[in-house]
Amino acid sequence: MDRTEVGALVRSAVDGDAAAWKALVEGMSPLVWSVVRAHRLSDADGHEVYQTVWFRFAQHLGRIREPDKTGAWLASTARHECLKVIKGMTRLTLTDDPQVLDRASDDRTPEQTLIDSEEAADRAERVRRLWQELDGLGARCRQLLRVLIASPPPSYVEISAALGIAVGSIGPLRQRCLRRLRARMDQRGAA
Amino acid sequence: MNEDNGFPYDGADGNSDGAEDSFAGETPPGDAPAERVLAEDALAADALLEEELRQAAAVLDPVPETLCQIALDAYALHDLDAKIAELTFDSLVDALPVRGVTDVPRMLTFRAGPLTVDIEVTGDGLMGQVLPPGPARIEVLGGPGAARPVAVDTLGRFTSDTPPSGPFALRLSTGTEVIVTEWLRA
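As they're listed, the protein sequences go chains A and B.
Everything in the first sequence is counted per our numbering, starting at 1 for the first residue and increasing by one.
Everything in the second sequence is counted per our numbering, starting at 1001 for the first residue and increasing by one.
Some hints could be false.
[Claimed, not checked] In silico EDC-like links for lysine to aspartate or glutamate, alpha-carbon gap of 16 Å or less:
#  : chain 1 : residue 1 : chain 2 : residue 2
1  : A       : Lys84     : B       : Asp1090
2  : A       : Lys87     : B       : Asp1090
3  : A       : Lys69     : A       : Asp17
4  : A       : Lys22     : A       : Glu48
5  : B       : Lys1083   : B       : Glu1182
6  : A       : Lys84     : B       : Asp1094
7  : A       : Lys22     : B       : Glu1065
8  : A       : Lys22     : B       : Asp1103
9  : A       : Lys84     : A       : Glu26
10 : A       : Lys87     : B       : Glu1065
11 : A       : Lys87     : B       : Asp1073
Because the hints were derived from the structure by calculation, they are not lab data.
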């Protein structure tokens, strides 16, 4: 979805256009999901945060001051809900086991089935390795990259809202993190 | 450039906001043509890796379909006739933690104009009061299509022995207006 359409879609959805709402959900869901995943919530918590964000968005639809910045609104709402979950968890046992908290979704998609076919095996292997290495990066890089790679690509304003970092720091951080990741992949390839 | 040098966030816990600006201006473009070509190659490689990661995310960590459907259905929650009661206090954020006490109730306050709704959520249910005191019809919403009435007395005090699971909101009908509290995860 073209981000310049967002404001118009929001206005149409306010006027009762269900197709516009659908376009918003489809275009913005990966961003909201990426913020949830970047914060390493459990599946149950992550699902609830995702729902809360969309329920609240539906509720505030028509009252959002800058419809053009809906992506940032969603990202920021998701971030705050994630931080609340983390805050509520601190009195419980906090697990930092990436195998438990940050594994890829169990749902198998048609794409995944396709990628499992033999001719795609090499590519699939590289994709899995990339994902593993991403998981092994420091928290800062892992968070930034997970949101950065939402589809369609989020704007820097949205990333800033999602992670609470300055817009101006995103470009340099992105470059640094991507190069670290590539170095890890190269190192692994050479080993 | 040494990639392993001076990268303070590696292994950080994600709370190190505030020092990112140290990266600003880190990669000045080279003046010599050869350097510039190298820099452009590196930028292209960055973009390529980013795109590769984007595809990996779409394959390995997509938005679960059930969630997407719930978000689509959430359009039904769009109600321009209802007033929103905004969250003005949340003990999870605004209260000091009490050391050694683990099962503290969640205290929430919502406000819409002169009307205030106080809610206390525990593992046993929820209770609260509408202020100024007065009769109202109150439902606990659990999502699109999920509404459960709660008992209210004439002073606007209400109780429910079913704790909300997941996101919830209260819908209040006072006779003159309908008010819905901001959606929140219990």
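Quick rundown of the hints versus the structure:
no., hint, result
1, A:Lys84 to B:Asp1090, "holds, 10 Å"
2, A:Lys87 to B:Asp1090, "holds, 12 Å"
3, A:Lys69 to A:Asp17, "violated, 19 Å"
4, A:Lys22 to A:Glu48, "violated, 20 Å"
5, B:Lys1083 to B:Glu1182, "holds, 10 Å"
6, A:Lys84 to B:Asp1094, "holds, 11 Å"
7, A:Lys22 to B:Glu1065, "holds, 14 Å"
8, A:Lys22 to B:Asp1103, "violated, 40 Å"
9, A:Lys84 to A:Glu26, "violated, 25 Å"
10, A:Lys87 to B:Glu1065, "violated, 28 Å"
11, A:Lys87 to B:Asp1073, "violated, 29 Å"
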